[in-house]
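Number of protein chains: 4
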Amino acid sequence: MIIVLKSGSTDAEVEEVCHRIAAMGYTPHTIRGELRTVIGAVGDDRGKERLRALESLECVESVTPILQPFKLASREVRRANTTIAVGDVSIGDRKVVVMAGPCSVESRAQVLEVAERVKAAGASVLRGGAFKPRTSPYSFQGLEEEGLKLLDEARRETGLPVVTEVMETEKIEVVAAHSDILQIGARNVQNFSLLRRVAETRRPVLLKRGMSTSIQEWLLSAEYILSGGNPNVILCERGIRTFETATRFTLDLNAVPVIKKLSHLPVVVDPSHGTGHWEYVESMALAAVAAGADGLIIEVHPKPEEALSDGAQSLRPEKFAQLVREVLRVAEAVGRC
Amino acid sequence: MIIVLKSGSTDAEVEEVCHRIAAMGYTPHTIRGELRTVIGAVGDDRGKERLRALESLECVESVTPILQPFKLASREVRRANTTIAVGDVSIGDRKVVVMAGPCSVESRAQVLEVAERVKAAGASVLRGGAFKPRTSPYSFQGLEEEGLKLLDEARRETGLPVVTEVMETEKIEVVAAHSDILQIGARNVQNFSLLRRVAETRRPVLLKRGMSTSIQEWLLSAEYILSGGNPNVILCERGIRTFETATRFTLDLNAVPVIKKLSHLPVVVDPSHGTGHWEYVESMALAAVAAGADGLIIEVHPKPEEALSDGAQSLRPEKFAQLVREVLRVAEAVGRC
Amino acid sequence: MIIVLKSGSTDAEVEEVCHRIAAMGYTPHTIRGELRTVIGAVGDDRGKERLRALESLECVESVTPILQPFKLASREVRRANTTIAVGDVSIGDRKVVVMAGPCSVESRAQVLEVAERVKAAGASVLRGGAFKPRTSPYSFQGLEEEGLKLLDEARRETGLPVVTEVMETEKIEVVAAHSDILQIGARNVQNFSLLRRVAETRRPVLLKRGMSTSIQEWLLSAEYILSGGNPNVILCERGIRTFETATRFTLDLNAVPVIKKLSHLPVVVDPSHGTGHWEYVESMALAAVAAGADGLIIEVHPKPEEALSDGAQSLRPEKFAQLVREVLRVAEAVGRC
Amino acid sequence: MIIVLKSGSTDAEVEEVCHRIAAMGYTPHTIRGELRTVIGAVGDDRGKERLRALESLECVESVTPILQPFKLASREVRRANTTIAVGDVSIGDRKVVVMAGPCSVESRAQVLEVAERVKAAGASVLRGGAFKPRTSPYSFQGLEEEGLKLLDEARRETGLPVVTEVMETEKIEVVAAHSDILQIGARNVQNFSLLRRVAETRRPVLLKRGMSTSIQEWLLSAEYILSGGNPNVILCERGIRTFETATRFTLDLNAVPVIKKLSHLPVVVDPSHGTGHWEYVESMALAAVAAGADGLIIEVHPKPEEALSDGAQSLRPEKFAQLVREVLRVAEAVGRC
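Chains as they are written, first to last, in the numbering used here: chain Z, 18 to 354; chain D, 18 to 354; chain F, 18 to 354; chain R, 18 to 354.
Hints are computed from structural coordinates only; laboratory data are not their basis.
One or more hints might be untrue.
Any copy will do: because identical chains look the same in the list, a pair fits if it lies in one copy or spans two.
[Claimed, not checked] Straight line, CA to CA, 20 Å or less: simulated EDC-like cross-link-like pairs of lysine to aspartate or glutamate:
1) 278 to 110
2) 336 to 322
3) 188 to 217
4) 278 to 323
5) 112 to 61
6) 112 to 343
7) 23 to 296
Remember, predicted model here, so these are calculated numbers, not experimental data.
Excised from the complex, chain Z in its bound form:
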């Protein structure tokens, strides 16, 4: 930590701050500049925010951390990329993985049709929501357990592993029984109780970035799962909130190279939620792969205009098949297939 004192701080004040730093277990190093005194607090400050409380002293101007606050998620702790095996699929490896399926599971016919078609097109993981976090209580809330069973059936029919969202701790067991990857949605990225519990399952977790979660906070949420004993975390960029309204969210592809620099965890990109409009999904899917993403997760619906949720951003199966062909070309161009 770097503690900057206000101008005009007295020797007694500098001494008091140093004393407090030492009392918290750090070694203070004082640098007296022309205009400011700065104190470096040496010690392992990762994740320890207590020093920030020194900002409440009248003589302290600011307290700034030096180290990234996460450890296990950090590339410094683990240089090599983490790869996560789900059935025959390996996420974080050389090959770009395509996950696809409907936003919500709506019926047996719908999910089976989509599963067959996305598999035929080249997807290797099936997505589909049974428990749906909906902004309005009056919107369709998902088929719940019934939806899980339909996903399970689609899995048996196609052999595709399944990723689906879990929204509350009480449902982790039943969701885990019917799926392969537990998805933590954007709105639960800082639901720390839920993070701790999915850690206990040891199951692969797809951790979506929240719509206003900084990359640092997102990696700290991953750290909850890793430090809970579950190393199988897949990060998923899905768009952040900005002033721009031409897209539903602003898909932040910059997060891909930033994550690759800071962390060893795999990162996939969701251009469907990220843009909110089917006409932009293809461009952003290709861009994500070129940026270095390890995979894509894309919404596909046989009749988007009749979808019970997120129809506006869903691709028709034939459009999806074309997208996969283009993704393969870009993946090849960047050495990823």
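Using the hints provided, position chains D, F and R relative to the given structure of chain Z.
Just chains D, F and R, lined up with the frame of chain Z:
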């Protein structure tokens, strides 16, 4: 809903869209402009997002809702302000209510001292965190049940009702047993499972705005609680995320008059989290009252520089006492005491 | 500046960075931590971004400035508040100053009527736009020189000093000839050529914050004017761009106490542009005064529904008169009248 | 425009609004819904914001435009892509164009070395700043006219056309005399006086998006140039301001497909300013091409650690050469070379 068609749409396309609108139970009204055909879908579209799926049709440019999607939270449904009684305190009434206390309950001595002092200064509700949602798994996570008991003791000692956060459904019962107002934190504002369960308690709920929650979404989260049968919702503005880093968040006081226009629910303001720095708390507390807030919630700690969480934004008790005196003057100026 | 090296940096790399720091005229101080080496570069780094180029070295993780980059605008350089005299009005003094008038000067009758009425209500400066920066080339662009003459006439009739916008260097002379305060609009806050030229006039300048200008950048724009020899800078908060769409911008009142801490310059608030809707102007005007603003600037139009620009956010004169009465009560409550 | 009335509006109020709409030259169409009356104002409302003033009526809840406000920039007015010829280079055509060079022109040796090396690597346009818009008045402000002459020399030596920024109307002539493309910087995107004047030159203009400019506003700024008689506008996405601080700005690649849908103008991407850090430039350059960008503009410096501006985001020439090779592979994969 207003459905705008792309330029060059054919009569057959207009007809198809009208047909689909009718099939969803709305009455279509077509307006043919010089450059665009626009179709109004008449019917109660509150909370019904299904029409948005029409955006997936090639001929549709956009689908825009006309009505606010919430009902029970709306001032159209209920003209008069809602007031919520907690012990002797009435929130949403003429008098501005001050809630205060430590960020975290840290010890018996700490919470009892703060409770006595904020009561003496004029606070009428005690705040304090027992379960703490912390960004990092390595930060202090709260005293949990032990903290709840200490809050209960402070309540008995001072007579002040208590507001404290509940983070997961399994803990609602124990938190409700030891407190008067259940707080839903900013990170759980769209934890819909938790919202549904606090609705069942019928207890007053302090619903914090998420850091990237629009006012419309925030009122939809309130709608989950109201439609679950619990009319006792207090909204709490606590800062949103913007590009500005001079403050930890950007306390959005504009939300106060907007909420007052759209809803009958009371709204309180948290300048401690909203600014993240004790030096800005007083100004923003006064501004909140002038803007029309029904109350304030403020962090107070006897020794902020030793606080286990959020010391940088906590006021010392004597500073808090001065703030309350100034709040009363502004409240009087705007006819609120 | 604090230069943080990547983990695993060699002694040779540390030495090279120190050498480069010294070559730029700073004294390096090295702190070797457990996980990182940190180098403090001692010297006056205000406004000198050159050290940031060290981030391009492979061994450097980050370069962080310690000092605020502005000097003349800083409260460290000048402790006492700056007050700016315009005719009989003193801005930045104890009394809250109210500036008011139409968004655009539209006609002789309009501007004279508004001027009389805002004066009668208690305004002490007349605002009005003659040169209008409009987002669309098809919108009304202002009466230009003709508008300036009408403002001048209103000034003579009422005795109110005039603030009006100047958009380009070629027009500074004519605008200065017909007005008392030169306004730099939000879209020109980083038009550095314009800032340098208004500095030369020595006239009071009302410098609006840009919609995405950080407070630090805003003060650096003020610094252009101050360092150009013109000490008469009035800052004006007018709303920033965020994800929230319930208001046209997010009026950032937090900027008021932040500016008061960092700078000696007066700050006024524009709740008309800041919210974009007349129904929210009153609440936010009162809040601005409670937060410590030195003044308000408010749009008033005799017939907002017929205004050629910004009618939606303009107050009718009688509503404005009521607002001034309430402003005085809040100003009194905070010791500002 | 769609005018939504408040609930409970009387027939007289509906009639009054219709009357006002007709008086402004539009045809009103009233739709009476169950809860709201909605009036469509038929007529060409592009760029005409006057109807928005109806929001100031007590009975009006909101006024929403239906049409995009730009015309000449719109793909509806011109279906085919615009291509802009600069010497032998065609921007907006099938081939992806790479522009490269130093942030600032610093010396003859520097600019000539960079020009030779970026040409050898495959760049076809030389960039370089002579007039520099710097946030701080104490930062290096560019070599100005001297810099322009050095760019001209580099142009003669290499045959590369030159793009350089013009910051004020007085300098347009001299900048135009020494360069091929006039760059309007992000901070001047709504400097409407400057836009009008560069329109008069008929020269190709590289119009950077402002850091908080919506795509709609950006296209309206282009409309100023187009409607001024200059069809040669190249749009340049360079990052927007968001809450995320891991990158200097958030490069918004979503803008590429959005622009391609809404407009016929070419769009290039600046990953150097967009990310602010050299380690992220390559990934985002490749992503931009995959997203459909017509070109890239990239900062290259022989010794970034000694650069007078933006060293942290500049590539060394050898790194740039590698990037161009990868760009070509991705461009080929998406059929763009």
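How the hints compare with the structure:
In this homomeric assembly, residue 278 and residue 110 come within 20 Å of each other (Cα to Cα) only inside a single copy, at 16 Å, whereas the closest approach across copies is 34 Å. Proximity of residue 336 and residue 322 under a CA criterion of 20 Å is satisfied intra-copy only: 15 Å inside one chain copy versus 47 Å between copies. In this assembly of identical chains, residue 188 and residue 217 lie within 20 Å of each other by CA distance both inside one copy and across copies; the values are 14 Å within and 19 Å between. Taking the shortest alpha-carbon separations for residue 278 and residue 323, neither the intra-copy value of 41 Å nor the inter-copy value of 24 Å comes in at or below 20 Å.
Taking the closest pair of Cα atoms, residue 112 and residue 61 never come within 20 Å of each other, the shortest separation being 37 Å inside a single copy and 48 Å across copies. Taking the shortest alpha-carbon separations for residue 112 and residue 343, both the intra-copy value of 14 Å and the inter-copy value of 18 Å come in at or below 20 Å. Taking the shortest Cα distances, residue 23 and residue 296 sit within 20 Å of each other only across copies (14 Å), while inside one copy they are farther apart (53 Å).
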